[in-house]
Amino acid sequence: MMVRWLVRRVLAIVPTLFGVSIIGFFLMRQVPGDPATALLGFEASSDAVSALQARLHVDQSWPVQYFAWIASLLQGDFGRSLQTGRPVGEMLAQSFAPTALLAVSALGVSLAFAIPAGVVAATHPRSAADRLLTLIGIVAQSMPAFWLGVLLILGLSVGLHILPSSGYISPVVSLWGCAMHLISPMLTLAAGLAAANMRTVRSAVRQVLSADFMRTAKAKGLSRAAIVWHHGLGNAAMPIVTVISLQFGQLLSGVVVAETLFDWPGIGKLVVEAVFARDYPVVEAVVLCTAAVFVAIGLATDALYAAVDPRVRLP
Amino acid sequence: MRTADPTNGNLAGNEQSETSARRAIIGGGVVGVVVVLAVFGAAMVPYDANLPDFDHLLAAPSLAHPLGTDDLGRDVLSRLIVGAQASVWVGFIAVLTATVVGTTAGIVAAWLGGAVDAVIIAAVNIVLAFPGLLLALSLTVVLGPGLGVVAASQAIVNLPLIVRTARGRALLIRQMPYVEARRALGFSEFNIMRRTILPNSLAPVIVQASLIFANSVIAESYLSFLGLGVQPPTPTWGTMLRGSIGFLDRAPWIATFAGLSIFLTVLGFNLIGDALHDSLQERDI
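These protein sequence lines map, in sequence, to chains G and C. Mind the numbering: the first sequence is residues 1 to 315 in my numbering, read in order. Mind the numbering: the second sequence is residues 1001 to 1285 in my numbering, read in order.
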């Protein structure tokens, strides 16, 4: 039952990814200007330009280019960057670690704040703490991420000189240096997430607290803390996981901005530079990979739901 | 959904709606000011927003220039006022397009079902899987930077939200007895869709619309900040913030006030959205 459900869900993804790949591919082909000319400069001879066009396959028809691209994608080959000539897969792999470090730490910090804060707000509705947290939530959600980043640079780097204003140091090179460089971009990214997550935790826990089994738990004589943390948060976990899984898009937008502002060599900076350089293969690969990750996260959430709650598996 | 305690249920409800009303008033006030500035601001500005003044480069806030000047000596206050236009325009076009197209598609999908529903849902899933900012970036590169492209990309990115909201609501409403009653009275399907389903589906769509407006204001500033939005010298809050990065240590006021404008506008729309959400949630279908 579970396996059949899973197979059906995985098959349903194929047309979505196909659609995304087609849109991504044809969108980038609409970009005015020719990549060969862009690479060689306007003084290049027409012979050199057409030779490069042939080498990049950009002189062939679009369907041919598309299927050639898909065929090599299926073999794990993302093509070569028009800008640097390096394999796109290699560039993606290199940018992945800094982005993962930034995104995962930001998500972690946001949850470390959101879960306790959300539970406090939910268990003390309309209290001063609830009001204050709600206010902080609305303010943090309305704060454009890059402005927060600019304020952090102004305060912590320009003003107090305690943090570097930009750049990246690999944790392999220096754990301390990496952490110092990580703080500002991570906070930039985490603030909005923390606010959104706190509101989710609050409403999910509040909804669970009014459920019948909570009254039973209370009647059993369990302590308030045990009721809230075990029964309350445990049962509120699934809606919280769902909302967090849907945050991937927000996380990615934040990553693009934070990486650009703080000169962080991740996927976001890679794609913005590729967009400016009209480096099709890089942009296409990033779009397709992020879409695949997004869809995979959705599938994983659904599967988790289906494993927990058999009703979901019904057609 | 709320506590079923009869003694304080009413009290809590009153307090809740008071908070909602307060939020709506504050949010509405902020948004009202921004819209007025966007419409009439160009005629009210103390200085020409694009006129350089090389005698007053990066001047700190003073009586003559309440919010200081930028690296070309242009008055920051005047540029902020004129910059409201871009944000409001992008938000307005994005919201209008997304709600009109999205509500229609959502209701049609719910009403016709079958293949039409399947196609619309498939399209929504594709747009949803496309990372929002990447779609905006790609569109901007393809069509060239500009306000129209930013608005279009925001309309597309937010479309799935409206389609899903309207479709879900319409599915719920078509099962209501009053829809059945209208059918029994012999009203045409189109008439029921337009006169009964549409107006009753609008409430949650309106809540989403205010959030889309907030998102679009942020997206416009993101894209301008990345250099892909409106091109200089036209002032927008995002381009001002971008331009200020090089002078953060010497002229922090530019970044501060430009960011503050974006923040307050987005806050205004979020407050309105919250208040609408709370008050509409109470109402029956």
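Hint data in this document are derived by calculation from the structure and do not stem from the laboratory. None of the values given here were measured: they were computed from a predicted structure. The C-beta atom is built at its ideal place from N, Cα and C for all residues, glycine as well. Just so you know, not all the hints are guaranteed correct.
[What the hints assert, rightly or not] Covered by chain C, according to a simulated footprint, are these stretches of chain G (three or more residues, beta-carbon under 8 Å):
#1 181 to 193
#2 284 to 295
[As the list claims (entries may be wrong)] DEER-style ranges, computed between Cβ atoms:
#3 G:H124 <-> C:R1183: 45 to 51 Å
#4 G:E273 <-> C:P1232: 16 to 22 Å
#5 C:L1112 <-> G:F96: 41 to 47 Å
#6 C:V1101 <-> G:A300: 30 to 36 Å
#7 C:P1177 <-> G:A93: 42 to 48 Å
#8 C:V1101 <-> G:V172: 34 to 40 Å
#9 G:A93 <-> C:R1183: 57 to 63 Å
[To be verified] One side of the interface only, derived from the structure: several residues of chain G facing chain C at Cβ under 7 Å:
#10 L27
#11 Q30
#12 L132
#13 L135
#14 F146
#15 W147
#16 V150
#17 L154
#18 L252
#19 S253
Enumerated hints in conflict with the structure, sorted upward: Numbers 1, 7, 8, 12 and 13, in rising order.
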